[in-house]
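Construct the complete structure from the given sequences, taking the supplied hints into account.
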Amino acid sequence: MEEHIADALEKGARVVCGGKAHERGGNFFQPTILVDVPANAKVSKEETFGPLAPLFRFKDEADVIAQANDTEFGLAAYFYARDLSRVFRVGEALEYGIVGINTGIISNEVAPFGGIKASGLGREGSKYGIEDYLEIKYMCIGL
1 MEEHIADALE KGARVVCGGK AHERGGNFFQ PTILVDVPAN AKVSKEETFG PLAPLFRFKD
61 EADVIAQAND TEFGLAAYFY ARDLSRVFRV GEALEYGIVG INTGIISNEV APFGGIKASG
121 LGREGSKYGI EDYLEIKYMC IGL
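Under the UniProt record's numbering, the letters of the sequence shown match residues 1 to 143, in that order.
These are computed hints drawn from the structure, not numbers from a lab.
Do not take every clue at face value.
Claimed, not checked - When the alpha-carbon atoms are kept at most 30 Å apart in a straight line, the in silico DSS-like pairs for lysine-lysine are as follows: (1) 20 to 42; (2) 117 to 137; (3) 45 to 117; (4) 59 to 45; (5) 59 to 11; (6) 42 to 11.
Unchecked claim - FRET-style restraints, in silico, Cβ to Cβ: (7) 86 to 122: 23 to 33 Å; (8) 38 to 133: 38 to 48 Å; (9) 22 to 137: 48 to 58 Å; (10) 89 to 126: 17 to 27 Å; (11) 126 to 16: 35 to 45 Å; (12) 80 to 116: 20 to 30 Å.
In this text, a Cβ means the ideal position worked out from N, Cα and C, and glycines have one as well.
Take a look at the structure:
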């Protein structure tokens, strides 16, 4: 968190909220919102595991999809939209294993959890989670 925030600030981003380790210490961190985050900031290219919301400027739908997909990672993405056709269009275009649409709560026991690209192979949970533990064999017998 600290490295991603410091890098973004160095490159012109601003902290709107949070930005520091929590007074409880340990691994606790204040929920943080950054604005005017540039595309070359680490937070736009690396996975951040903590309460950090970087806000990026974009021109249109195609631009925001291109920016979101411009990373080697693909665990989860989130967006909000009213237009149902946009929900499906953007949801399909995002290169992520999980896409939260109009919600921040994306995990549950019946949904397959996992990323794509460098964020992992396979899925945890749901009926798809067992597939990583099975060996599939095809046997062709000529009679």
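ask   = Going back to the hint list, which numbers does this structure go against?
value = Result: no hint breaks.
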